[in-house]
Each structure stands twice: as C-alpha cells, then as structure tokens.
Amino acid sequence: MNLAHLGQLLTDSVAAHPARPALRVRRGDDWEQTSYAELGARVATVAEALLRLGVQHGDRVAIFATNRPEWTVADLATLLIGGVVVPVYQTSTARQARHVLGDAGVSVAFVGGAAELDKVAEVRAELPALRTVIGFEEVAEAEERTEGYVAWRELIAQQPVKDPALENRMAAVTGSDLATIIYTSGTTGDPRGVMLTHEAFCFEIEAVRELFEITPTDQSLCFLPLAHALERAWTFVVLRSGALNTYLADATKVAEMLPLAKPSLLVSVPRLYERVYAIARQRAASPAKRRVFDWAIKVGARAQAAGELTPRLRAELRLADKLVLSGIRTALGGQKRVLASGGAPLRAEIEEFFHAAGLLICQGYGLTEAAPLISFNSPQAFRFGTVGRVVAGGEVRIAEDGEICYRGPNVMNGYWNRPDATAETLIDGWLHTGDIGGVDDDGFLTITDRKKDLLVTEGGKNIAPGPIEGELAADPLVEHAVLLGDGRPCVVALLRPSLEEARDWAAAAGVSAASDDELVAHPELRAELKRRADAVSEALPHQEKIRAVAVITEELTMADGLLTPTLKVRRRAVEQRYAAQVEELYTQIRERKK
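Number 287 in the numbering used here belongs to position 287 of the sequence shown; there are no gaps in the numbering.
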C-alpha cells in the first residue's frame with residue numbers, strides 16, 4: 001500500500017515486525033535500541049502530549065537538536081497530528097534560531113540540551129508565539145532558564161490512553177497538508193522557509209524504495225544533520241522499509257562509528273568519500289606501495305567491467321582484494337547494499353575508485369525545494385559523472401540559458417511568507433533550480449555549473465556568502481571580500497585591502513613601506529586583515545567559519561573581468577584568477593589537521 005501521508009509511515013513496519021529494532025544509538029560501549037512496537041507506542045505518547053499542550057492542526061513545531069532517536073520520535077509525533085515540523089540546525093546561532101522560530105511562528109520547540117536551550121532562552125522575548133520548550137536532555141535549572149519548559153522524560157512517562165482526540169486528529173491528516181518548513185540559505189539575506197507537503201515526501205519514499213530493495217535486515221547510519229532534507233527523507237525511507245536506523249550526533253566521528261555500526265545502507269555527502277579516497281592514497285605514498293595500489297585499482301576496475309571473470313582475472317582480483325580493495329571497503333564499514341551521495345557534486349574519479357573496490361556509489365541530485373530528490377543513479381542504471389535519471393513521475397526540461405527546471409509531485413508549495421521569492425522560483429509549475437546542466441540521449445542528467453551564487457560545501461551545507469562578505473567589507477580596511485568554498489571542505493576568504501585605509505593604518509601602526517604594492521604585501525597588514533576576519537568568523541556557525549585568509553595584491557577592475565558593471569565581484573573569475581593562492585590556503589588547512 002502506498003503512503004497517503006506521513007502519519008502512516010510506521011503502520012506496516014510495526015504490524016509486520018514489532019520486535020525488530022527500529023532505532024539505535026551508542027551509549028558508552030553498548031547499543032540502546034528501540035523496537036518498532038516501542039517506537040509506535042512512543043510516537044503515540046508524544047503525539048497525545050502535544051495535543052494536551054494545545055498543538056493544533058497546522059501549528060508549527062520546531063526541533064533544534066543533534067541527531068538522536070528523540071528527533072525522529074518528535075518528528076513523527078508532530079506529523080501524526082497534522083503539525084508542521086520546522087527543523088533548526090544544531091549549529092545555528094541564537095540569532096539564526098530566532099529568525100527560523102520567529103518567521104515560522106513556532107508554538108512548541110523541542111531542544112537537545114543546554115546549548116540549544118540557552119540559545120532559545122536568549123531570544124525568547126522576541127518569540128511571542130512560542131509557548132512551550134521541551135528538552136530532550138536533563139538540564140540543571142531548566143525551568144529557570146526559560147518559561148514553559150517541559151522535560152522529555154516527563155512527556156514519555158505518560159502511558160498512551162488511546163485518546164479519541166488523537167484518532168480524530170490522525171484521521172484529519174491528508175497528503176496535501178503541509179508537513180514541514182525547512183529553512184535553506186538563499187544567495188542574500190536570511191534563510192527562506194521551504195514548504196513541503198506530506199505528498200511530496202510520500203512520492204519520494206515510494207520512488208526510492210522501488211529502485212533500492214531495502215529490507216528489514218538492513219541497517220543505515222544517520223549522521224548527516226536531520227535538519228537537512230536529504231537525511232530526513234532517507235530516514236523516512238529506512239523506517240518505511242522496516243530497517244534499522246543508527247544515530248550519530250557528531251558527524252566528525254563517522255569514521256570511528258562505521259566499523260561499529262557496520263551499516264549496509266549509507267547516504268552521505270562527498271566529504272566522507274573524498275576523505276577515504278585521500279587517506280587511501282596517502283597510505284600508498286611510497287613508490288612501491290603506490291605501484292601495488294594502482295595495480296589493485298586497475299584490476300578491480302577490469303573485474304567490474306568484465307562481468308564474467310577469467311581464471312587469471314579471478315586470481316588477480318583475489319590478490320588485489322587482499323592487498324588493497326578489502327581495506328577500502330573496511331574504511332566504510334564493510335560491504336554495502338546501498339551507497340549513495342548527494343548534496344554536492346562527487347568527482348567521477350572517486351566514483352570509479354570505489355567501484356573498483358566493489359562499492360557502487362549512486363550519486364543523486366536535488367534541492368530542498370524538491371523534498372529533496374530530482375534524479376539519482378541506481379544499481380540497475382548508473383553512469384559515472386552524472387547524477388542519474390529523473391525520478392519516475394518527475395520531469396526535467398532545460399531552459400534556453402541551460403538552467404535545469406523540474407516539476408513533479410515533490411515540488412514545494414512555495415516559500416513561507418515569501419510570495420515574491422516563490423514567484424521567482426516557481427514559474428508555471430516548474431521549479432527553477434538555479435543549476436546549469438543537460439540530459440544525454442539515455443536520460444542521464446549532468447550538472448555543469450551553478451547559476452545561483454550559493455556556496456555548497458563538500459559536506460552539502462548551503463552557505464550564502466553575501467551576508468558574510470558584507471560584514472567583512474563593512475570594515476574600512478577591506479575594499480573587497482570574496483568567500484570561496486563551493487565543493488570544498490570549508491570556507492576561505494580572499495580580501496583586497498582599501499589602499500587609503502591601509503596607508504592610515506600603517507602610519508598609526510608604525511609600519512613602513514616604500515610603495516602601495518609593498519604595503520599590500522606586508523606581513524603585518526596581512527596579519528591585521530586576518531585578525532579582523534577572525535573577529536567576523538567567530539560569531540558564525542561552525543560550518544560557515546572562515547578557515548583561512550589570503551590577501552589580493554592586485555586591484556580588481558571591470559577591465560580584467562573581476563568586477564561587474566555595478567562593481568560586484570565576479571566570484572568564479574576571482575577564484576580562477578587566484579587559483580594558486582586558493583589551493584595554497586587549502587593545503588595549509590590540510591597541513592594544520594595532520
């Protein structure tokens with residue numbers, strides 16, 4: 001039976017295998033598991049509690065926490081009663097949380113621990129709609145920190161009573177109801193709330209399950225933020241299939257968790273695959289090891305292409321597997337039934353590398369506005385260097401300027417409180433993605449460029465550079481600020497100093513220089529610019545922090561193509577012009593991590 005709405009997500013799994021584990025989290029050296037029967041009961045308990053707290057159909061309920069089983073329970077309970085879930089990234093600052101909670105008019109907010117509770121408390125006076133804050137963790141003096149506080153343990157201690165009000169509310173939920181508002185960065189200003197219906201997610205859940213045969217014996221590792229549409233939608237797929245979802249709060253620990261969790265299903269952003277690839281090559285740095293490494297990868301690639309192995313190739317593969325290939329699989333927690341990548345482009349050479357080791361990475365493409373899947377490769381149909389075929393039931397067309405446009409049941413209703421932005425993005429039912437690409441004769445989609453000026457890091461985090469660049473350029477010493485980090489592990493900045501202000505600063509600081517060129521290149525000026533950039537960076541969320549700074553010694557002009565007629569910096573042109581300096585910054589970052 002296809003899902004009509006997300007309130008039915010657990011129905012089949014609870015009925016078919018109530019005793020099987022649904023959720024799992026590591027507590028010290030042990031696993032803490034929740035069965036499907038327990039999950040169903042807990043979701044009902046929390047749903048009834050939300051009704052008693054006055055949550056109405058269509059009310060907005062926020063979840064502000066790291067990945068944990070409680071996140072999913074709160075999510076499903078809210079959806080069960082027709083509430084609208086508003087995820088907040090755990091890395092959000094108090095100001096960012098205030099924007100999301102305030103813009104959405106959130107009435108109830110689930111928070112993880114003291115850090116999230118304090119951020120909400122800091123801006124509570126600016127959130128008139130917020131009545132109740134529910135804390136997952138025990139926090140000292142929580143009631144004194146913010147009014148309307150309720151502890152999670154108190155919420156779940158109440159036994160389900162099969163309240164007719166719950167049954168009535170569940171029956172009122174439909175596929176066209178709004179399920180969630182996910183705030184995602186635009187190119188300028190505050191994040192915009194993407195409105196997605198139950199139907200949008202149900203469409204994708206069934207489309208993915210049709211091509212990936214996920215069974216109750218499978219296990220998935222949930223380490224991308226659940227506030228991100230990709231991880232949340234995948235969690236829905238896992239639970240709909242009756243499989244086990246393992247939660248990891250700290251994504252930086254994923255390499256340590258993989259051999260413990262041994263997931264058969266893994267959805268990641270390119271960063272993880274890039275890291276394993278880089279480590280594998282680094283360990284084969286010596287000439288002798290590199291020869292063996294390259295030979296093993298070639299053997300693996302030949303074996304994958306051959307289909308039927310000759311006796312000689314089979315023998316070579318056994319040796320290559322023993323020496324190299326098995327180690328690559330071990331680094332990702334063993335053999336995988338489903339291995340997927342999304343959120344940012346994955347280089348074809350990395351796809352080919354893992355495929356040689358017997359691991360097929362199915363790369364996909366999408367955006368939050370499409371809940372979030374538009375296309376994906378599958379084990380039955382894949383092509384390296386592409387993001388696969390368009391999801392069944394969806395449709396892609398390429399505009400005259402090369403922009404990818406999409407329509408399907410999973411397209412958003414629009415942006416919350418932003419009819420202007422909605423009109424710019426949704427035109428005659430088509431979602432204008434802001435990405436440039438093409439479709440080949442076999443229907444495989446390729447992304448070639450980004451139309452929108454938005455940085456998407458290697459970890460899949462969307463970062464709007466404009467506001468940060470504005471803060472940097474607000475300093476009189478900075479004439480131009482250019483943030484870079486698209487497809488990279490982190491953000492760096494290129495700064496061009498204002499010559500007039502630099503001269504004044506030099507005079508006050510006692511720094512002497514024979515010319516402007518010498519001044520711009522002076523180590524003390526560069527150090528001062530770095531200090532000022534660090535001051536701006538300190539107030540930013542972790543993923544937006546500026547990890548390194550370089551100084552542009554040349555003037556940026558329209559004549560050299562680095563400025564537009566309105567004197568805006570051409571980001572791609574600057575990145576290409578200063579490619580060597582940019583690479584040096586990322587080399588320095590990698591060296592610091594060793």
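Hints were generated in silico from the structure; no laboratory data involved.
Treat the hints loosely; a few may be bogus.
Stated by the list, open to error - Across the chosen pairs, the derived CB separations fall in these ranges:
1) A94 x E501: 25 to 33 Å
2) A285 x T448: 32 to 40 Å
3) A527 x E213: 31 to 39 Å
What the hints assert, rightly or not - 25 Å max Cα-Cα, derived PhoX-like pairs, lysine-lysine:
4) K253 x K530
5) K593 x K289
6) K336 x K253
7) K451 x K530
8) K545 x K451
All C-beta atoms in this analysis are idealised placements derived from N, C-alpha and C, irrespective of residue type, glycine included.
To see whether the hints hold, each was checked on the structure:
1. Between A94 and E501 the Cβ separation comes to about 32 Å, which falls inside the hinted range of 25 to 33 Å.
2. Judged by the Cβ atoms, the range 32 to 40 Å given for A285 and T448 holds: they are separated by roughly 33 Å.
3. Roughly 57 Å separates the CB atoms of A527 and E213, a value that falls outside the hinted 31 to 39 Å.
4. For a cut-off of 25 Å, the pair hint linking K253 to K530 is broken: about 30 Å separates their Cα positions.
5. With a CA separation close to 24 Å, the supplied pair K593 and K289 stays within the 25 Å bound.
6. With a C-alpha separation of about 19 Å, the suggested pairing of K336 with K253 holds against the 25 Å cut-off.
7. Note on K451 and K530: the hinted pairing is violated, with a Cα-Cα distance of about 30 Å set against a maximum of 25 Å.
8. With a C-alpha separation of about 24 Å, the suggested pair K545 and K451 falls inside the 25 Å cut-off, and the hint holds.
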